[in-house]
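Asker: Spelled out, the chains give:
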Amino acid sequence: AQSVAQPEDQVNVAEGNPLTVKCTYSVSGNPYLFWYVQYPNRGLQFLLKYITGDNLVKGSYGFEAEFNKSQTSFHLKKPSALVSDSALYFCAVRDPGYSTLTFGKGTMLLVSP
Amino acid sequence: GAVVSQHPSRVICKSGTSVKIECRSLDFQATTMFWYRQFPKQSLMLMATSNEGSKATYEQGVEKDKFLINHASLTLSTLTVTSAHPEDSSFYICSARDRGGQETQYFGPGTRLLVL
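Protein chains in written order, with the numbering used here: chain A, 187 to 299; chain B, 398 to 513.
Please note: incorrect hints may appear among the correct ones.
Claimed, not checked - Think about it this way: if two alpha-carbon atoms lie no more than 35 Å apart in a straight line, the pair counts; the simulated DSBU-like pairs of lysine-lysine are: (1) B:LYS461 x A:LYS291; (2) A:LYS208 x A:LYS255; (3) A:LYS208 x B:LYS411; (4) B:LYS463 x B:LYS452; (5) B:LYS411 x B:LYS463; (6) A:LYS244 x A:LYS255; (7) A:LYS291 x A:LYS244; (8) A:LYS255 x A:LYS291; (9) A:LYS263 x B:LYS438; (10) A:LYS291 x A:LYS208; (11) B:LYS463 x A:LYS244; (12) B:LYS417 x B:LYS463; (13) A:LYS291 x B:LYS452; (14) B:LYS411 x B:LYS452; (15) B:LYS452 x B:LYS438; (16) A:LYS244 x A:LYS263; (17) A:LYS208 x B:LYS438; (18) A:LYS263 x A:LYS208; (19) A:LYS208 x A:LYS244; (20) B:LYS438 x B:LYS411; (21) B:LYS417 x B:LYS461; (22) B:LYS411 x A:LYS291; (23) A:LYS255 x B:LYS438; (24) B:LYS461 x B:LYS438; (25) A:LYS263 x A:LYS291; (26) B:LYS438 x B:LYS463; (27) B:LYS417 x A:LYS291; (28) A:LYS244 x B:LYS438.
Simulated from the structure, these hints should not be mistaken for lab results.
The following block holds chain A by itself, in its conformation from the complex (with noise of 0.2 Å):
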């Protein structure tokens, strides 16, 4: 089975300080796992993905990752937030041996100016 924790509802964070959106997950293999936006009234935008090699990804918009295999997680960040930055972001996992994705509840990032 695969899981993905992502335990907050809600990160509120001053425009220029730095975010950390947080996700855990639960695999019997090696995990690909993937952040996505959504804005409102929209699809999913892909940011990143980790699937093999430096633990530690970069993504679209600023955004970047780290794959930490011990704690089973791998937090969303950025250095500096910007109020475009406010969506919801989604973190999923694949084990490699499942088709489908499983996604995390959300989080509401809300960037205040």
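Please arrange chain B on chain A, whose structure you already have, making use of the hints.
Answerer: For chain B alone, kept in the frame of chain A given last:
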């Protein structure tokens, strides 16, 4: 990045009618496409997985006769909501996985269905 389109973006229909939603991968080939449903302020619920040229695999609790899926080519999948009822009103999102083996799923912009 890869682009997935959906059409229509928004549809309003009367109860009892059928609605077809198209999902296309515009610049890549997708052997596998996925259909999701999303309720307000909730995560995505996988409805079915479709592979080109074969029958779709439906998730538990999803009625295959109500939600007809056709994956006719490597770039097109359709979802038909048959005899729609108000409870079928929702945001439907398709997704396609790049055949090139990059493991990434790309998502369409979604279709807002309102059944009156």
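Asker: If a hint holds in the structure, say so; if it doesn't, say that too.
Answerer: Do the hints match the structure? See the list:
At most 35 Å may separate the alpha-carbon atoms for a hinted pair to count; LYS461 of chain B and LYS291 of chain A meet this at roughly 25 Å. The hinted pair formed by LYS208 of chain A and LYS255 of chain A meets the criterion: a straight-line CA distance of about 14 Å does not exceed 35 Å. A C-alpha spacing of about 42 Å is found between LYS208 of chain A and LYS411 of chain B, which places the hinted pair above 35 Å, so the restraint is violated. Between LYS463 of chain B and LYS452 of chain B, the direct Cα distance comes to roughly 15 Å. Compliance with the 35 Å bound is thereby established for this hinted pair.
The suggested pairing of LYS411 of chain B with LYS463 of chain B holds, with an alpha-carbon distance near 16 Å, which does not exceed 35 Å. Distance hint between LYS244 of chain A and LYS255 of chain A is fulfilled; the C-alpha atoms sit about 17 Å from each other, no more than 35 Å. A threshold of 35 Å between alpha carbons decides the hint, and for LYS291 of chain A with LYS244 of chain A the separation of about 23 Å falls inside it, so the pair holds. Distance hint between LYS255 of chain A and LYS291 of chain A is fulfilled; the C-alpha atoms sit about 21 Å from each other, no more than 35 Å.
Between LYS263 of chain A and LYS438 of chain B the CA atoms are separated by roughly 22 Å; this keeps the pair inside 35 Å, and the hint holds. This hinted pair checks out: LYS291 of chain A and LYS208 of chain A have alpha carbons roughly 12 Å apart, not beyond 35 Å. A C-alpha spacing of about 41 Å is found between LYS463 of chain B and LYS244 of chain A, which places the hinted pair above 35 Å, so the restraint is violated. With a C-alpha separation of about 12 Å, the suggested pair LYS417 of chain B and LYS463 of chain B falls inside the 35 Å cut-off, and the hint holds.
Restraint check: the Cα-Cα separation between LYS291 of chain A and LYS452 of chain B comes to about 29 Å, which is no more than 35 Å; the hinted pair holds. With a C-alpha separation of about 28 Å, the suggested pairing of LYS411 of chain B with LYS452 of chain B holds against the 35 Å cut-off. With a C-alpha separation of about 31 Å, the suggested pair LYS452 of chain B and LYS438 of chain B falls inside the 35 Å cut-off, and the hint holds. The suggested pairing of LYS244 of chain A with LYS263 of chain A holds, with an alpha-carbon distance near 10 Å, which does not exceed 35 Å.
Distance hint between LYS208 of chain A and LYS438 of chain B is fulfilled; the C-alpha atoms sit about 18 Å from each other, no more than 35 Å. For the hint linking LYS263 of chain A to LYS208 of chain A, the alpha-carbon distance of about 9 Å falls within 35 Å, and the restraint holds. For the suggested pair LYS208 of chain A and LYS244 of chain A, the alpha carbons sit about 16 Å apart, so the restraint of at most 35 Å is met. The hinted pair formed by LYS438 of chain B and LYS411 of chain B meets the criterion: a straight-line CA distance of about 25 Å does not exceed 35 Å.
With a C-alpha separation of about 14 Å, the suggested pairing of LYS417 of chain B with LYS461 of chain B holds against the 35 Å cut-off. Restraint check for LYS411 of chain B and LYS291 of chain A: the C-alpha separation of about 31 Å stays at or below 35 Å, so the hint holds. Distance hint between LYS255 of chain A and LYS438 of chain B is fulfilled; the C-alpha atoms sit about 30 Å from each other, no more than 35 Å. With a CA separation close to 25 Å, the supplied pair LYS461 of chain B and LYS438 of chain B stays within the 35 Å bound.
Taking the CA atoms of LYS263 of chain A and LYS291 of chain A, the gap is near 18 Å; set against the 35 Å cutoff, the hint holds. For the given pair, LYS438 of chain B sits about 24 Å from LYS463 of chain B by alpha-carbon distance, which is consistent with the 35 Å threshold. The hinted pair formed by LYS417 of chain B and LYS291 of chain A meets the criterion: a straight-line CA distance of about 28 Å does not exceed 35 Å. A C-alpha spacing of about 27 Å is found between LYS244 of chain A and LYS438 of chain B, which places the hinted pair at or below 35 Å, so the restraint holds.
When each numbered hint is compared with the structure, violations occur for hints 3, 11.
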